[in-house]
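Q: The listed protein sequences derive, respectively, from chains A and B. If you read the first sequence in our numbering, its first letter stands for residue 1, the second for the next number, and so on. If you read the second sequence in our numbering, its first letter stands for residue 1, the second for the next number, and so on.
Quick caveat, the hints were computed from the structure, so don't treat them as lab data. It is possible that part of the hints are untrue.
To be verified - Using C-beta positions, here's what the derived DEER-type ranges look like:
1. B:S93 / A:R56: 41 to 49 Å
2. B:R12 / A:H126: 49 to 57 Å
3. B:R12 / A:G60: 53 to 61 Å
4. A:S20 / B:L97: 24 to 32 Å
Glycine included, each C-beta is placed from N, C-alpha and C at the ideal position.
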Amino acid sequence: MAEVERPLSPHLGIWRWGLSMALSIAHRASGIANALTMLIIVWGLVAVAGGPDYFRLFRGYMTSALGRLVLFGLTFTLMLHLCTGVRHLIMDTGRALEPQVNRRLGRLVVIAAVVLTFGFWVAAYHMAGLI
Amino acid sequence: MTDSRSPIARARGLGAAREGTRHWLHQRLTGLANLVLVFWFASSVAALAGADYTTVVWWIRDPVVSVLLLLLLASGFYHLSLGLRVVIEDYVSGEGLKLLLIYAVAALSLLLALLGGLAVLKIALGG
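Sequences and hints are given; from them, build the entire structure.
A: In C-alpha cells form, the structure reads like this:
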C-alpha cells in the first residue's frame with residue numbers, strides 16, 4: 001500500500017503554552033512525585049517501629065541539606081497536587097470551565113500551593129525552634 | 001441514536017470495559033479523603049518538627065492518630081495506584097508491558113500500605 005501523507009490534527013508542538021495546559025501536566029507530574037512522598041512516609045513509620053537508633057538515622061537523612069531540599073520540593077508537589085485536585089473536582093461539577101474563570105482559578109491554585117508550601121516550612125522551623 | 005445494548009446491560013451501566021465509573025469515582029472519593037488526611041498529616045508533621053523519638057512514639061500511640069495514619073496509608077496508596085494506572089495506560093504502548101506495570105504498581109502499593117500499616121500497629125500496640 002502506498003504511504004499517503006494525511007493531514008494530522010494540531011498536536012503539542014503547535015500550541016502556545018497556556019496555564020491550563022501547564023496545570024494539566026503538572027497535576028500528573030506532581031501526582032507521580034507524591035508516590036515518592038508516600039514511600040518516605042512508610043520508611044519513616046518503619047524507622048519509628050524499628051527503635052530509637054533507626055529513627056535517628058532516618059531523621060538524619062531527612063534533616064540533611066539534601067534531605068531538606070528534596071522534602072521542600074515534595075511539599076510543593078503535594079500541595080500543588082491537592083490544589084489542582086480541588087480544581088479538577090470543581091471542574092467535574094461543570095463549573096469554572098469558561099476561559100476567564102478557569103484562568104483565574106488556575107492562578108489561585110498556584111498561589112495557594114506556594115502559600116501552603118511556605119506555610120508548612122515556616123511552621124516546621126518555628127516548632128523546631130529554628131526561627 | 002439507537003441503543004444496541006441489551007436491557008440488562010443498560011440497567012447495569014458498566015459499559016464495554018465492564019467497570020462502569022468505578023475507577024473514576026474511586027479516584028475522586030479517595031482524593032477527597034486525602035485532602036482531609038494530608039492537611040491533618042502535614043500540620044501534625046510541622047508541629048512535630050524537631051521532636052525526639054519518645055514524643056513521636058507517643059504521638060502515634062494516640063488511637064485517633066493511629067487510625068488516621070492507617071486511613072492515610074489505605075486511601076493514599078489506593079489513590080496512587082489508580083492514578084499511576086491511568087498514566088501507564090496513557091504512555092505505555094505495549095500491551096504486555098502495560099499490564100505488567102499496572103500489576104506491579106498495584107502489588108507494590110498493597111505491599112507498602114501493609115508495611116506502613118503494620119509499623120503503625122507495632123508502635124501503637126507495642127509494650
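Q: A separate judgement is required for each hint: does it hold in the structure or not?
A: Hints versus structure:
At roughly 46 Å, the beta-carbon separation of S93 of chain B and R56 of chain A lies within the given 41 to 49 Å, and the hint holds. Taking the beta carbon of each, R12 of chain B and H126 of chain A are about 55 Å apart, inside 49 to 57 Å as hinted. Checked against the hint of 53 to 61 Å, the pair R12 of chain B and G60 of chain A passes, with Cβ atoms roughly 55 Å apart. A beta carbon spacing of about 31 Å between S20 of chain A and L97 of chain B agrees with the range 24 to 32 Å that was offered as a hint.
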